[in-house]
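These protein sequence lines are chains Z and L, in that order.
All residue numbers for the first sequence refer to our numbering, where the first residue is 36 and numbers rise by one.
All residue numbers for the second sequence refer to our numbering, where the first residue is 20 and numbers rise by one.
Any given hint could turn out to be false.
[Unchecked claim] Taking lysine-lysine pairs in the DSSO-like style, the calculated list, with each CA pair at most 30 Å apart, reads:
no., chain 1, residue 1, chain 2, residue 2
1, L, Lys372, L, Lys263
2, Z, Lys263, L, Lys181
3, L, Lys148, L, Lys78
4, L, Lys181, L, Lys263
5, L, Lys181, L, Lys74
6, L, Lys228, L, Lys65
7, Z, Lys263, Z, Lys213
8, L, Lys263, L, Lys65
9, L, Lys228, L, Lys347
10, L, Lys263, Z, Lys263
11, L, Lys321, Z, Lys60
12, Z, Lys263, L, Lys444
13, Z, Lys169, L, Lys78
14, L, Lys347, Z, Lys207
15, L, Lys444, L, Lys263
16, Z, Lys213, Z, Lys169
17, L, Lys372, L, Lys321
18, L, Lys74, L, Lys321
19, L, Lys347, L, Lys111
20, L, Lys65, L, Lys111
21, L, Lys444, Z, Lys169
[Said to hold, decoys possible] Per label pair, the in silico range of CB-to-CB distance:
no., chain 1, residue 1, chain 2, residue 2, range
22, L, Gln103, Z, Ala246, 28 to 34 Å
23, L, Lys263, Z, His117, 44 to 50 Å
24, Z, Gly192, L, Met118, 39 to 45 Å
25, L, Leu188, Z, Glu210, 50 to 56 Å
26, Z, Gly85, L, Ile429, 30 to 36 Å
27, Z, Lys207, L, Ile429, 37 to 43 Å
28, Z, Gln245, L, Ile27, 23 to 29 Å
The hints are simulated quantities; they were obtained by calculation from the structure and are not laboratory data.
Don't be surprised by glycine CBs; every beta carbon is placed ideally from N, CA and C.
So the chains spell out like this:
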Amino acid sequence: MNDPVNTAPNGASTPAWRQRWRRVKGPVLSAVAGLALIWGGLPSLPAAWGVRFGMPYLMFFSLAVVGSALFFVLLNWGPIRHPRSALATFASIVLVYSATVGGMVAFGYWYYPQFETPRATAAKTGATGSGAEKRGKDVFLNPQFNCFACHTIETLGIRGGQRGPDLSAAGKEAEARKPGLSAEDYLRESLLDPWACFTPLPASGLTQCQAVADPAKTYPQLMPPGLKERMTEGQLNDLVAFLRNLRGARGER
Amino acid sequence: MPLDFPLIGARTAIWLAAQLHLFLAAFVLGAPIFIVVSEWLGLRTKDRRYERLAKETMKVVAIAYSLTAIFGVLFAFVLMGPYQPVANYLFKALYPVWMWYGVFILLETICMYLYWYTWEPLNRSLAGKWTHIGIGVLLNVLGTIVMLLMNAVTGFMNTPPKAIETAGLWTMVNNAAWWPLNLHRFLGNITFGGFVVALFAAFMFLTSKKEEDRAFYDWMGYIGNLIGVGALITMPLAGYILSKELFIYDAQLATFMMADKLSGYFVMQGLLVVLLFLGANFYMWLSMQRIEGAARFAPHMKAIFAVLLAGGVVWVVPQNFFPDLLAKPPAGVSEHALILPERFAFLGLMVAKALAVTAIIIMTFVTYLLYRRARATGRILWGGIDPMSQYVLIFIPAVAVYLMGLMGAIRSLTRMDYHIYGAVKDVTPYWYTATLGHSSIMVAIATVVFFLLVAFVFWVGFVIGKTDE
Numbered sequence: 036m037n038d039p040v041n042t043a044p045n046g047a048s049t050p051a052w053r054q055r056w057r058r059v060k061g062p063v064l065s066a067v068a069g070l071a072l073i074w075g076g077l078p079s080l081p082a083a084w085g086v087r088f089g090m091p092y093l094m095f096f097s098l099a100v101v102g103s104a105l106f107f108v109l110l111n112w113g114p115i116r117h118p119r120s121a122l123a124t125f126a127s128i129v130l131v132y133s134a135t136v137g138g139m140v141a142f143g144y145w146y147y148p149q150f151e152t153p154r155a156t157a158a159k160t161g162a163t164g165s166g167a168e169k170r171g172k173d174v175f176l177n178p179q180f181n182c183f184a185c186h187t188i189e190t191l192g193i194r195g196g197q198r199g200p201d202l203s204a205a206g207k208e209a210e211a212r213k214p215g216l217s218a219e220d221y222l223r224e225s226l227l228d229p230w231a232c233f234t235p236l237p238a239s240g241l242t243q244c245q246a247v248a249d250p251a252k253t254y255p256q257l258m259p260p261g262l263k264e265r266m267t268e269g270q271l272n273d274l275v276a277f278l279r280n281l282r283g284a285r286g287e288r
Numbered sequence: 020m021p022l023d024f025p026l027i028g029a030r031t032a033i034w035l036a037a038q039l040h041l042f043l044a045a046f047v048l049g050a051p052i053f054i055v056v057s058e059w060l061g062l063r064t065k066d067r068r069y070e071r072l073a074k075e076t077m078k079v080v081a082i083a084y085s086l087t088a089i090f091g092v093l094f095a096f097v098l099m100g101p102y103q104p105v106a107n108y109l110f111k112a113l114y115p116v117w118m119w120y121g122v123f124i125l126l127e128t129i130c131m132y133l134y135w136y137t138w139e140p141l142n143r144s145l146a147g148k149w150t151h152i153g154i155g156v157l158l159n160v161l162g163t164i165v166m167l168l169m170n171a172v173t174g175f176m177n178t179p180p181k182a183i184e185t186a187g188l189w190t191m192v193n194n195a196a197w198w199p200l201n202l203h204r205f206l207g208n209i210t211f212g213g214f215v216v217a218l219f220a221a222f223m224f225l226t227s228k229k230e231e232d233r234a235f236y237d238w239m240g241y242i243g244n245l246i247g248v249g250a251l252i253t254m255p256l257a258g259y260i261l262s263k264e265l266f267i268y269d270a271q272l273a274t275f276m277m278a279d280k281l282s283g284y285f286v287m288q289g290l291l292v293v294l295l296f297l298g299a300n301f302y303m304w305l306s307m308q309r310i311e312g313a314a315r316f317a318p319h320m321k322a323i324f325a326v327l328l329a330g331g332v333v334w335v336v337p338q339n340f341f342p343d344l345l346a347k348p349p350a351g352v353s354e355h356a357l358i359l360p361e362r363f364a365f366l367g368l369m370v371a372k373a374l375a376v377t378a379i380i381i382m383t384f385v386t387y388l389l390y391r392r393a394r395a396t397g398r399i400l401w402g403g404i405d406p407m408s409q410y411v412l413i414f415i416p417a418v419a420v421y422l423m424g425l426m427g428a429i430r431s432l433t434r435m436d437y438h439i440y441g442a443v444k445d446v447t448p449y450w451y452t453a454t455l456g457h458s459s460i461m462v463a464i465a466t467v468v469f470f471l472l473v474a475f476v477f478w479v480g481f482v483i484g485k486t487d488e
């Protein structure tokens with residue numbers, strides 16, 4: 036690999052750069068094609084297809100493509116030279132080690148988004164409505180109960196988890212969920228005993244909750260365990276008051 | 020807060036002291052496990068390389084042992100100053116554990132020096148050799164007990180008994196995180212020890228001038244990496260067990276880790292583990308090239324790398340780019356741009372991640388099977404490996420050390436604003452969860468300092484010694 040030229044069987048010489056290019060052209064061309072697909076192909080597809088990725092994802096995929104190409108370039112590179120002096124050896128070791136660690140810092144510090152506000156402050160802002168509703172919102176945002184880990188309330192801008200349903204219209208929907216049961220009682224029941232009546236998925240078009248024939252055949256656990264024990268009666272009442280007042284349309288901000 | 024730490028603050032001080040102590044402790048606990056196995060293999064197979072591997076690694080351990088103790092003392096100093104209230108609480112609640120810790124650390128130290136300094140005298144007869152191996156086994160037993168005792172304290176800080184005021188000693192020791200942590204750290208220590216041995220071998224390979232030495236260190240690097248990867252493959256399962264116990268203990272912990280402020284940490288963890296597997300497989304690819312006639316396996320290896328990279332992308336791709344559950348999109352950025360499109364939402368779910376990690380683990384197995392196949396049909400030219408492989412063996416420990424530091428940060432930050440979760444509040448100015456950016460810098464500092472310390476150990480133990488010879 037150290038020879039500047041190589042002689043082919045027919046006597047013609049191949050320059051070193053051409054040999055090198057032959058080894059790396061596959062990964063390089065694949066990377067170019069991958070980047071063209073990410074930045075040219077994907078954004079031009081119809082939005083209805085549901086394959087429009089945001090900028091951070093396009094960056095992520097680009098880094099993955101470039102990183103993969105570099106990886107294959109290294110695979111094809113061939114033997115490298117042994118460092119000639121002790122100093123060069125030590126410097127090369129330090130370089131590889133610190134470049135690796137530096138790469139990690141670049142990912143964690145510069146690339147990945149950071150949170151800033153401690154939750155205690157964030158949780159208390161923007162509460163509106165009666166005293167009970169305000170306290171109920173605090174209960175919802177309290178990490179001790181972690182409601183937002185699974186539930187989003189889009190109308191209030193609380194972007195929580197996706198596992199449970201969006202509660203933007205929970206109060207309005209509760210009025211019709213279970214005939215004969217008030218909205219408040221239904222909310223209380225669905226919090227403490229979600230198996231009593233199964234909340235339908237939005238896509239089903241159903242408004243009333245459904246009786247669960249066999250809990251073992253559905254989700255193993257709907258609500259976090261021990262909620263009844265950890266939440267005081269007052270906190271439960273406040274939470275129900277807060278949820279009762281949610282009457283917005285899903286997806287409305 | 021009784022005291023703060025000048026210039027860098029109490030949290031930085033305790034973070035660095037604890038992390039460096041743990042890095043060194045992981046090495047001095049993990050390495051002796053395979054040192055003894057290697058010594059036994061040397062006796063059984065009469066292959067002198069095993070004996071040399073065991074002895075040279077033990078020399079590194081013996082020097083690193085002092086540094087472990089020094090950082091342990093520095094850790095204790097910071098605990099006694101700025102973190103006196105929680106240190107007092109831990110001493111009072113788990114006093115017998117600390118007492119036994121002192122006893123066993125003393126016994127382990129005696130055993131370690133006995134093991135090291137009787138190597139030559141007991142090497143003269145078969146009975147002596149078996150006695151020496153017996154001391155080595157005892158050293159590992161004592162080291163494991165020391166680890167179990169400290170894991171009880173660590174686990175107690177994460178998952179103390181719910182009725183903490185009335186809990187007995189055994190209930191506090193046998194807390195929810197104790198056994199999962201024992202398993203996770205035991206395997207992690209072996210992984211860590213293997214990769215540090217590989218780092219040492221790479222260091223020595225690159226600085227060796229004699230072909231004979233290069234052949235030995237090439238082999239040693241291969242063995243170190245094999246041990247590291249062998250234990251690494253089991254780590255995701257051990258991690259799942261630990262996470263599951265935390266989830267059962269308090270569902271809030273799991274969501275805080277996986278869906279809230281620590282979710283970015285787990286994206287980074289995924290990246291680091293993928294890099295470890297890529298590095299380990301890349302090293303095997305280079306190792307295969309020093310086997311006569313192994314070139315025919317190259318096309319298979321390229322297919323394996325394609326699967327590894329695809330699996331890596333699936334594992335690392337985040338469900339969303341929000342740093343926590345309550346974060347809002349920056350001005351001018353739509354919320355949808357920061358979330359996976361609905362059609363690809365499955366990529367963010369645990370099912371996809373678990374499938375990806377399974378594919379990565381299976382492909383790593385296949386790599387080793389291909390290597391075995393190549394070895395069965397061709398001769399290994401030890402020492403003839405591409406020097407690039409040694410840089411891979413430097414890259415892998417850098418990632419492994421960083422990963423261990425990051426996971427340590429995750430475990431510690433899982434306590435949220437508590438010293439002892441749910442029982443003793445952190446009332447220092449550093450009560451809040453550190454951002455990923457801050458943690459990535461802290462872990463980087465610890466990783467680089469650890470590298471400088473082990474480089475110092477290698478230099479003191481081997482480079483200076485060589486000059487004298």
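Enumerated hints in conflict with the structure, sorted upward: 5, 8, 9, 13, 18, 19, 20, 22, 24, 28
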